[in-house]
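The residues making up each chain are set out below.
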Amino acid sequence: MNNHLRGLRETKGWSQGELAERLEVSRQTVNALETGKYDPSLPLAFRIARLFGQSIESIFIPED
Amino acid sequence: MNLLTRYWQSLSPALQRYYFASVWPCVAFMAFVALHEWAADRQPGLDLPWRICAALSPLLALAWLFATYLRFLRDCDELERRLELGALAWAAGIALHAGMAAMFLLNAGLADWAGQRVAAWLCMLLLFSYALIRGWLHRRYA
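Order-wise, the sequence lines are chains A and B.
All residue numbers for the first sequence refer to the numbering used here, where the first residue is 1 and numbers rise by one.
All residue numbers for the second sequence refer to the numbering used here, where the first residue is 1 and numbers rise by one.
The following block holds chain A by itself, in its conformation from the complex (with noise of 0.2 Å):
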């Protein structure tokens, strides 16, 4: 699945760490998010989307 988590990470001005602090995960967790090699459980997915102030669907975009 790919995901603009970068791009808005970026756009608040925040390192991996910090968002990794937001989330409340490791900064291994979020380096995985965004380069795609890990899909989050649906309570993380919300959690992102509701730091971000988007749905779900607009952070992340299924492949098919």
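Think of the hints as simulated: they come from the structure by calculation, not from any bench.
This one's a predicted model, so the numbers in the text were calculated from it and none came from an experiment.
Think of the CB as a built atom: it goes at the ideal place given N, C-alpha and C, for glycine as much as any other residue.
Some hints could be false.
Keeping only pairs whose Cα atoms sit at most 25 Å apart, straight-line, the calculated DMTMM-like set for lysine to aspartate or glutamate is [stated by the list, open to error]:
1) 37(A) - 21(A)
2) 37(A) - 84(B)
3) 37(A) - 78(B)
4) 12(A) - 24(A)
5) 37(A) - 18(A)
6) 37(A) - 75(B)
What follows is a set of in silico ranges between Cβ atoms, one per label pair, in the way DEER data are often shown [stated by the list, open to error]:
7) 22(A) - 136(B): 27 to 35 Å
8) 43(A) - 124(B): 37 to 45 Å
9) 15(A) - 110(B): 54 to 62 Å
10) 116(B) - 13(A): 54 to 62 Å
11) 42(A) - 20(B): 29 to 37 Å
We have chain A; now place chain B onto it with these hints.
Only chain B this time, still in chain A's reference frame:
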């Protein structure tokens, strides 16, 4: 030193807490192993209950370490938990297959290994396969 600092900073808070929390159980494990060895050398002079306590004492520290690991599994985030559980599953599978292979070879009379040695090798295999697979999974998602 710089490399160590960077490695430490790259760890998640849950993993840092786990490393801190596991120091004392590891120290206790080494102390209990020393007690175990000391008692093993003086077996005729000790009563049976004391011999059993000294023989099994390292398990106390191991249980303490396992409790800190379970706390880490509870506290870590979803990707970390996925990596840990993946590594544990692979390591358990490898150790199970090796254990069964050793058992069948011994049973068929094709091998002549001491039980103590087989158990020690299985423990080492479990630990090393866990560490290797955990490292590989970490790199895959890094």
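Going through the hints against the structure:
1. 37(A) - 21(A): Roughly 20 Å between the alpha carbons, so the hint for residue 37(A) and residue 21(A) holds.
2. 37(A) - 84(B): Given pair residue 37(A), residue 84(B) holds - Cα atoms ~17 Å apart, limit 25 Å.
3. 37(A) - 78(B): holds, 14 Å
4. 12(A) - 24(A): Holds, because 17 Å separates the two Cα atoms, which is no more than 25 Å.
5. 37(A) - 18(A): holds, 20 Å
6. 37(A) - 75(B): Since the Cα atoms of residue 37(A) and residue 75(B) sit roughly 22 Å apart, the hinted pair holds (cutoff 25 Å).
7. 22(A) - 136(B): 27 to 35 Å: Distance hint for residue 22(A), residue 136(B) holds at roughly 29 Å.
8. 43(A) - 124(B): 37 to 45 Å: holds, 38 Å
9. 15(A) - 110(B): 54 to 62 Å: Cβ of residue 15(A) to Cβ of residue 110(B): about 58 Å, so the range 54 to 62 Å holds.
10. 116(B) - 13(A): 54 to 62 Å: Holds, since residue 116(B) and residue 13(A) (Cβ atoms, about 60 Å apart) stay within the stated range.
11. 42(A) - 20(B): 29 to 37 Å: holds, 32 Å
Violated hints for the displayed structure: none, as all numbered hints are satisfied.
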